[in-house]
Amino acid sequence: MEESILKRVAQGDATAVQDCIDAYGGLIWSMARKKGLAQQDAEDIVQEIFIDLWKSAERFDPSKASETAFIAMITRRRLIDRLRREQRRPSTQVMIPELHDVADNEHRQLEAVVEVSLASKALAELKPKERRVLLLSTYHGMSHGQIAEHTGIPLGTVKTYIRRGLQRVKERLETPPNATLSGAEA
Amino acid sequence: MSSAAERIMDLQAERFTSGLGIAARAELDALIAEHGSRGSEALELAAAATDIACFDEIEPLPASLRAQIETQGSAWIRGNGTAGVLEFRRAGEDRSGLPSPIANDAGQPETSQSQEARGPWLPWLLAAAALVAAVLGWARPGVGPVDVEPVRLASLDEKRDLLLAADDVVTLEWTATDDEAAAGVRGDVVWSTARQRGFMRFQGLPVNDPGELQYQLWIFDATRDDRYPIDGGVFDIREAELSADGAILVPIRATLPVREPALFAVTVEPPGGVMVSSRERIVTLAQVG
Numbered sequence: 019m020e021e022s023i024l025k026r027v028a029q030g031d032a033t034a035v036q037d038c039i040d041a042y043g044g045l046i047w048s049m050a051r052k053k054g055l056a057q058q059d060a061e062d063i064v065q066e067i068f069i070d071l072w073k074s075a076e077r078f079d080p081s082k083a084s085e086t087a088f089i090a091m092i093t094r095r096r097l098i099d100r101l102r103r104e105q106r107r108p109s110t111q112v113m114i115p116e117l118h119d120v121a122d123n124e125h126r127q128l129e130a131v132v133e134v135s136l137a138s139k140a141l142a143e144l145k146p147k148e149r150r151v152l153l154l155s156t157y158h159g160m161s162h163g164q165i166a167e168h169t170g171i172p173l174g175t176v177k178t179y180i181r182r183g184l185q186r187v188k189e190r191l192e193t194p195p196n197a198t199l200s201g202a203e204a
Numbered sequence: 002m003s004s005a006a007e008r009i010m011d012l013q014a015e016r017f018t019s020g021l022g023i024a025a026r027a028e029l030d031a032l033i034a035e036h037g038s039r040g041s042e043a044l045e046l047a048a049a050a051t052d053i054a055c056f057d058e059i060e061p062l063p064a065s066l067r068a069q070i071e072t073q074g075s076a077w078i079r080g081n082g083t084a085g086v087l088e089f090r091r092a093g094e095d096r097s098g099l100p101s102p103i104a105n106d107a108g109q110p111e112t113s114q115s116q117e118a119r120g121p122w123l124p125w126l127l128a129a130a131a132l133v134a135a136v137l138g139w140a141r142p143g144v145g146p147v148d149v150e151p152v153r154l155a156s157l158d159e160k161r162d163l164l165l166a167a168d169d170v171v172t173l174e175w176t177a178t179d180d181e182a183a184a185g186v187r188g189d190v191v192w193s194t195a196r197q198r199g200f201m202r203f204q205g206l207p208v209n210d211p212g213e214l215q216y217q218l219w220i221f222d223a224t225r226d227d228r229y230p231i232d233g234g235v236f237d238i239r240e241a242e243l244s245a246d247g248a249i250l251v252p253i254r255a256t257l258p259v260r261e262p263a264l265f266a267v268t269v270e271p272p273g274g275v276m277v278s279s280r281e282r283i284v285t286l287a288q289v290g
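Going down the list, the protein sequences come from chains Z and G.
If you want our numbering, it's the position in the first sequence, counting the first as 1, plus 18.
If you want our numbering, it's the position in the second sequence, counting the first as 1, plus 1.
So that you can see chain Z by itself, here it is in the shape it has in the complex:
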C-alpha cells in the first residue's frame, strides 16, 4: 500500500510537501473561498491551515479516515474558528449545488474519496429542505441563526435539520458497503 502523503510529511520527506500542496491545495483553497472569505483572508487562513497540516501530519490514521477527509476536517476547524471570530456574513449570492451534481457526476475530482461518495448518498436521502439547510451550514459556513434568517425556517427547526442530516451522513459513513470500502483512498 502506498504510503500516505501526510505520513511522508511527518517523516520529513521534503518531496511530500510539494505532493501535499499538489494534491490538496486546491481543495483547501476552494473550501476557504466557498465560505465567503475575502481573497486576502482566504490566503491568510490557507497558510495557517497548511501549517496545521505539517504539525498534525503524524496524527493521521488511515484506519479512521481517508487523507482527504482528515485534511477537510483540519481545514474546517480553522474555517469555523475564523468565521466565528469574525462573525462574518456569507455572500448574499448563495448557490446550493443541485443534488444530481452532488451525487451523479462521475467526473468530479473527489468522487474517489469514500467519504464523499457515501455522504453524497446520504444527502440524496434527505428531504430537499433538510438538505438545503445542511449544505448552507457545512458548505457555505452559515451559522444556524443566519440560515434561519436566510430561509425563514425557525431556528429550532434549522438545528433539527442539521443534527438529523449529520446523523444520517454519520450512519452512512459508519456502515459503508464493502465494495466501496475496498476502494477507499488513503
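Misleading hints may appear alongside valid ones.
[As the list claims (entries may be wrong)] Chain G is nowhere near these chain Z residues, computed Cβ spacing over 10 Å in every case:
hint : residue
1    : Asp59
2    : Arg102
3    : Gly170
[Said to hold, decoys possible] Chain G stretches covered by chain Z per the calculated footprint, using a threshold of three residues with CB under 8 Å from any CB of chain Z:
hint : region
4    : 10-17
5    : 41-50
6    : 53-67
7    : 198-210
Hints in this document: simulated from the structure, not taken from any laboratory.
Since the model is a prediction, treat every value here as computed from it, not as a measurement.
For glycine and all other residues, C-beta sits at the position ideal for the given N, C-alpha and C.
Go by the hints and put chain G onto chain Z.
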C-alpha cells in the same frame, strides 16, 4: 436516546458546523464529563464529508500563495517539524499545536492590524526568516532547530503606501452624507482591482460601540446588479486605534471579486453587519470617475 444524549448531539452538531460560544462549550463539557460522548470524531467527519461532497469544481491555489506555502513547508521540513521558523507570532501569541475543534470561544475578533499582519508581507517575512534559519543552520552544523526572533510586521500605513504604487490604483475622496455620523468625516479610499486590495482612511468618523452598531463597506461593481453591492467588510472605529490626529486606516475585505468598481459606500448596520443593507444610514460615499 436520553435527553442528555440528545442535547450532546445537538451541541456537537453545532460545534462541527458553526462552532460554539463560551456558554454552550461549558455546557457540552459538563455533559460529556457526566454522560460521556460517543461518535464525536465520526460526526466531525460527517460534517467534513458533507462539505466536500458538494465540490464539483476545485479552484487551483493562486500561484503566489502556493509559493508561500511551499516556502513554509520546506522550512518546516528543514526544521524537522520543531523549528521556530514558522512561528512568526506576535509577542505573547500562542499558536502551538492544533486548533481546538471547538471554535475560538473568546469570540474576540482580531484587530484589523493583526489580521493584516499576515497579509502580503507574509511571504517576504517567511522567505527572509527561512533564509536566516538556513544561514544559521549552515553556520552551526549539527545544531538543532534555529529559533527566529519575531519579525517586525508591516503597518497598515506601509501596506497602503505599497498599494499606492500599483499601476491601476485609484484614490477617491470620501463625500460625507447628511447622516448624523457623517458630520466632519474626511478621508479617502484606495483600491487596486488588479490586486483586489484596498484601504479606507477616515478622520472624524465617530467611534462606535460594536455591541450596538458597526460600519459596513459596500462596493458597487459596474458589472453586477446595483441591488446587490459587494460586501466590503464590517469594521469598527476604536478609540485606541485612532492616530494622534484622529485618523484611522481600515483594510477593505471584499467577499467577491470586484471587477469594475463604481462606488464605495459606508453604511451603519446592526452588529455583525447585514447581507443586504436597507441603506437607511449611508455615512460616506466615494464615486469612481
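To see whether the hints hold, each was checked on the structure:
A beta-carbon of chain G is positioned within 10 Å of the beta-carbon of Asp59 (chain Z); the least distance is around 6 Å. With a least beta-carbon separation of about 4 Å from chain G, Arg102 (chain Z) fails to lie farther than 10 Å from that chain, contradicting its non-interface assignment. Every beta carbon of chain G lies more than 10 Å from that of Gly170 (chain Z), the smallest distance being close to 14 Å; the non-interface claim holds. Coverage of a stretch by a chain is defined here by at least three residues with a beta carbon nearer than 8 Å to that chain's beta carbons; for the region 10-17 of chain G and chain Z the count is 5, and the condition holds.
Check on the region 41-50 of chain G: 9 of its residues sit with their Cβ under 8 Å from a Cβ of chain Z, so the three-residue criterion for coverage holds. Note: the region 53-67 of chain G has 13 residues with beta-carbon separation from chain Z under 8 Å; the three-residue rule is met and the coverage holds. With 1 residues having a beta carbon nearer than 8 Å to a beta carbon of chain Z, the region 198-210 of chain G misses the requirement of three or more and the stated coverage is violated.
Violated hints for the displayed structure, listed by number in ascending order: 1, 2 and 7.
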